[in-house]
Structure formats: structure tokens, C-alpha cells
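If you follow the hints, you should be able to join the two separate chains into one complex; please do so.
For the protein sequence lines, the chains are A and B, in the order given.
For the first sequence, the numbering used here begins at 1 and goes up steadily by one.
For the second sequence, the numbering used here begins at 173 and goes up steadily by one.
Just so you know, not all the hints are guaranteed correct.
[Unchecked claim] A short, non-exhaustive set of chain B residues, derived as facing chain A with CB atoms under 8 angstroms:
no., residue
1, Leu209
2, Ala211
3, Leu217
4, Val221
5, Gln223
6, Met239
7, Met244
8, Leu280
9, Ser285
10, Pro287
11, Thr288
12, Gly292
13, Gly294
14, Ser298
15, Leu300
[Stated by the list, open to error] Sample of chain A residues lacking proximity to chain B, with all beta carbon distances greater than 12 angstroms (derived):
no., residue
16, Glu15
17, Gly28
18, Leu32
19, Met45
20, Thr67
21, Gly70
22, Gly74
Simulated from the structure, these hints should not be mistaken for laboratory data.
All residues carry an ideal CB built from backbone N, CA and C; glycine is no exception.
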Amino acid sequence: MNVKFLNPFLEAAYEVLLAEASVRTVRGQISLSKEPYVTEDVTVMLSLVGAVEGTVFYSLNSPLALTLIGNMLGEKLTTITSLAQSGLAELGNVITGRASVKLAQSGYESQISPPTLLLGRGSTLSTLDMPRLVVALNSDDGPMVVHLAIREGRNMLAKAADIAVPASPRFG
Amino acid sequence: MNVQFLNPFLEAANEVLKAEIGVEVTRGEISLQRSALTANEVTVLLSMVGQLQGVVLYGMSKATACMLVSKMMGEPITELDSLAQSGVAELGNVLTGRATIKLSEIGLQTDISPPTVIIGAGITVSTLDFPRLVVPIRFEDQTMEAHLALRLAEANGHQSHVPLVRELGARA
Chain A
1 MNVKFLNPFL EAAYEVLLAE ASVRTVRGQI SLSKEPYVTE DVTVMLSLVG
51 AVEGTVFYSL NSPLALTLIG NMLGEKLTTI TSLAQSGLAE LGNVITGRAS
101 VKLAQSGYES QISPPTLLLG RGSTLSTLDM PRLVVALNSD DGPMVVHLAI
151 REGRNMLAKA ADIAVPASPR FG
Chain B
173 MNVQFLNPFL EAANEVLKAE IGVEVTRGEI SLQRSALTAN EVTVLLSMVG
223 QLQGVVLYGM SKATACMLVS KMMGEPITEL DSLAQSGVAE LGNVLTGRAT
273 IKLSEIGLQT DISPPTVIIG AGITVSTLDF PRLVVPIRFE DQTMEAHLAL
323 RLAEANGHQS HVPLVRELGA RA
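Just chain B, with the same shape it has in the complex (with noise of 0.2 angstroms):
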């Protein structure tokens, strides 16, 4: 697991969850863990396919998750319903979609699948052998925790580019 993976991600988070939600974010202390993760309460998961590919989840607590779709809608949120969950879901794929452009830019290109949404602490969550890089996200009093499993793709993997324009040009 690469660092350079992770600023993208605090990026888009600083930025999306202060334009979405209206808070200033700080980042905690950045862990490599191996093993399986328990869930949060709340998890979006995402997957990332492309020249960087794995697994990126979003764990908070149920009271996090409603504070943000709370502030999402502007209207308070205590239960976590379908509507709710779709909030958190969305705010996921924001954030992750915002980081993905920022990753085309430092020339990793990779396309996102739709999110998943795990409710319920307990269960195990496993990326088996890919490791996965946490950081602690930080806004008012809550914290959203932020598990990267991503990875360069094999060289030879899919690759769906034809070497044009940029190749050629630097070469020349």
C-alpha cells in the first residue's frame, strides 16, 4: 500500500465534507493494518477498479452518520432509513469520486463501482491480502474512519489505454 494513494483521499474529504456538510476536517493518526476489520456501525464500501484497484471504506457510528445526513438535507436525522442510508452512501461516492480525478491527475486513472452500505457492527470485514491504510477523519466531534485497500494494477492487467498522444509526445 502505497502513501501516495492516501492524499487524494484527505483532499476529496476536506473538500467535499466542507462544501457538502459545512465542516473543517483534520486527518489522525494514519495506521497500517492487516488484519480483518470490524465493522463500524455504519460502512459504505466502495470498490475501485483500474490502474489502482481495491477496496475503499467508510466506517463511522450511526450518531456520525446522522449528523451528516442531518446536515446533508438540512433537516435533523435520527433514524437511519433508507433515505438516510442513500445520503451516506452518496456522500461516499462523492468523496471517492473526487478522489479518483484527483488520482487521474498524478496519472492513475481508475473508475469506481456503485456503494454498498453495511449496517451493523459485529460482522468482519476482510480485504484479505490486500493491507489497508486508516486514517482517522476528524470534523467537530465526530470521526469517520477512513480504510484504504488499494493497489497498483499488474502492469499486464486489463489496461484499456492506446498509447497515443502523451507517449508520443514525450518522447519527441
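Excised from the complex, chain A in its bound form (with noise of 0.2 angstroms):
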């Protein structure tokens, strides 16, 4: 796990946050997880494929969860209704892609995966021989943690044929 990929992730989740849902956090200690995750009442998960792949999950508890739909829907929520799990996932994705973007920017183009959405707490998810990068990200409603388990694709050499060339120039 490279921690050049942590950064991507952090300021794409901040900005994410920030500006969804209004809710400014404050990072807390990176820590490396060789240890299965066990599941907090909301995970979101997605994986990237290309020049970085592997798997990231964002957790974090029914509070936060609630309290993040709300603001973005303008409306207090109690349960974590269907459109609230979309609503979730929906974050998820836009927080990875926007990291994703920035990676490209750097020089490491991957695409992401739709979002899956696990709820309930008490599972073990376990990333195999990646380890996981931790960060808590803390609001007033408790932490959203990220979870990368990534690492430099492994074919990317081999896939440099498939690498996409620009479309040419339109003129007129």
C-alpha cells in the first residue's frame, strides 16, 4: 500500500462532505490494518481497476449516515431508508471518483466500480494480502472512516496497449 494514494482520497472525501452534505471533519491518525474489518452499521465500497486497483470502503455509523442524507436531502431522516442507502452510495461514489480524477492527475488512470452497500454491523470484510490504510475522518456525528486497500496496478505494463488515446482535435 502506497501512501501517495492516501492523499487523493482525504481531500476528495473532505471536499465531498463539505459540500454535499455541509459537514466539515477533521482527520484524525493513518493507521495500517493487516486485520480483517469489521463492519460499522454502513459500509460503502467500491473498487478501482487500472494503473491502481484494489478496494476502498468508507464507514460510519447510523448517526452520521443520518445526519449526511439529511442535509443533502433537507430533510431529517430516522431510518436509513432505501433513497438514504442510494443517497449513501451515491456519496461513495462521488468521493472515489473524484479521487480517482485526481489520481489521473498524477498519472494513475483507473476506473471505478458501481458502489455495493453493506449494512449491518458485526461482519468481518477481509481485503486478502492488501492491507488497509485507516483514517477517521471526525464530524460531530462521529467519524467516517476510509479504508484503502490499493496498490499500483499490477498489469500495467501489460495493459499499455489499452491505454486510450485522446480523441483527435474537432475543428469547426
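Written out as C-alpha cells, the structure is:
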């Protein structure tokens, strides 16, 4: 796991939470974990494939999830409805998409998968041989914890032929 | 969700389980599910990006997972330790990888993410607006459920191909 991949995600998460949900977060300690992750109330999970590959998940407790969605929708929610679920997944999608744009700017182009949402605490989730960088973004309603289990894509060179060639400039 | 995506997975499951585990597989009744899925004891999750995108899940009981790993390793496994987990994940990886090769043969270029293993029944896994095609894959007295939540990427989505030989050839 390479720490240089971390900042794009933290920046993106901070920016998106502030812009979309008006929640200001403060970054906590970074740690490296080889242990499986035990799920929180809500986990949004996405994968990256390309020059950076692996899995990223965002875990949060229900109160923070409800605050985020409540702020996004402009109404107070008390349960994580299906609308709220898709809102949370979308949040993960936007954060990761933004991070992937930042990564692409530094030369690591990757595609992100659609999000998957895990609801319920106490299951374990293992990224196997990929250790996770874990960083909490603390808010008044508890932390959103960013877990990054990503690495430089192994097939970066093998896939060189597939790298997109920019479309020819359009004239007129 | 298009059923044409299904056969590559079934063929891959058949071939991989025959080669790695030495079992003949049959498939059970196919169903389409829109609701979130309640995780089995062991779930292997992989994401797919490219012309076909989404999530593939393989759910099974602990007993089935142990049986698969025991046969792969040639020694009895009764506990799902990290080695066994990586064995099950690898099986999901090989199976999905093989399916992507078959998908590419029908003209769908896709890439898969590294696998994630979810242990512990009861949490809810939601693929949101992706309905899941669920196929029970049976072998001996065990069942593994394959969940395909896939759809074609939008034509204007990420496309990393240059219209070269094939299109030109087709026009000629």
C-alpha cells in the first residue's frame, strides 16, 4: 500500500462531505491494518481497476449516515431508507470518482466500479493480502472512516496498449 | 440485467470447479432479485469495470467454503482461517477471470477488481439500482450462489478503445 494514494481520497472525502452534506471533518490518525475490517452500521464499498487497483470502503455509524443524508436531502431522516441508501452509495461514488480524477492527474488512471452498500455491523470483511490504510475523518456525529486497500496495478504495463488515445481534436 | 452475460459465468464455474475441485456442477433455478441480499456465511465479492460493469458475488455456507478449500489444497480444512479465506477468494477470482475471457469473446471487454471476502451472515449487501441475477451452482451436496449485478456501460462512458482494425475491416 502506497501512502501517495491516500491524499487524493482524503481530499476528495473532505471536499465532498463539505460541499454535498455541509459536514466539516477533521482528519484523525492514519494507521495500517492487516486485520480484517469488522463492519460498522453502514459501509460503502467500491473497487478501482487500472493503474491503481484494489478496494476502498467508507464506514460510518447510523447517526452520521442520517446526518449526511438529511443534509443532502434537506429533511430529517430517522431510518436509513432505500433512498438514503442510494444517497450514501452515491456519496461514496462521488468521493471515489473525485479521488480517481486526482489520481489520474498524477498519472494513475483507473476506473471505478459501481458502489456496493453493506448494512449491518459485526461481519468481517477481508481484503486478503492487501493491507488497509485506515484514516478517520471525524465529525460531530462520529467518524467516517476511509479504508484503502489499493496498490499500483500489476498489469499496468501489460495494459499499455489499451490506454486510451485522446480523440483527435475537432475543428470547426 | 441481460441473461446473455450469464452463460460465460456458468461455463466458467463449470470449468473451474471441475479443474480445481474435481466436481461436476449443475445449475439450479435462475431468479432475478431487486431487493438487497442478506449475506451468506461466506461471500466473495468482485467488481467488474469496462464495457460490462457491476458486482459479482459468490455466496456460500462455511461448510461449502471449507469443502472447496479442502479439495483445492488436498488437505482437510475445517476452519476458515486467512489461508482458507484466500483460497475461496482465489476461486472467485479465477472463476470471474475466466468469465471475463469468455465475455471478451462475445465482444465485451471487462476488467475485474481484486476480491474481497465477507464473513458473517446477517448483514445486508445492496447493489442498489442493479438488479441481481441469482444462480445456484450445485455440486455434490453443496450449493454456491452466484449473484450477477451487471449492466452494459453507457456508450459514452469510459471507453478506452481506439476504433482500429475491427471496425475498418468490417466496413471494407
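Tested hints:
no., hint, result
1, Leu209, "violated, 10 angstroms"
2, Ala211, "holds, 7 angstroms"
3, Leu217, "holds, 7 angstroms"
4, Val221, "holds, 4 angstroms"
5, Gln223, "violated, 11 angstroms"
6, Met239, "violated, 19 angstroms"
7, Met244, "violated, 15 angstroms"
8, Leu280, "violated, 14 angstroms"
9, Ser285, "holds, 3 angstroms"
10, Pro287, "holds, 7 angstroms"
11, Thr288, "holds, 5 angstroms"
12, Gly292, "holds, 3 angstroms"
13, Gly294, "holds, 6 angstroms"
14, Ser298, "holds, 4 angstroms"
15, Leu300, "holds, 5 angstroms"
16, Glu15, "holds, 22 angstroms"
17, Gly28, "holds, 24 angstroms"
18, Leu32, "holds, 17 angstroms"
19, Met45, "violated, 7 angstroms"
20, Thr67, "holds, 20 angstroms"
21, Gly70, "holds, 19 angstroms"
22, Gly74, "holds, 21 angstroms"
Hints 1, 5, 6, 7, 8 and 19 from the earlier list are contradicted by this structure; the remaining hints agree with it.
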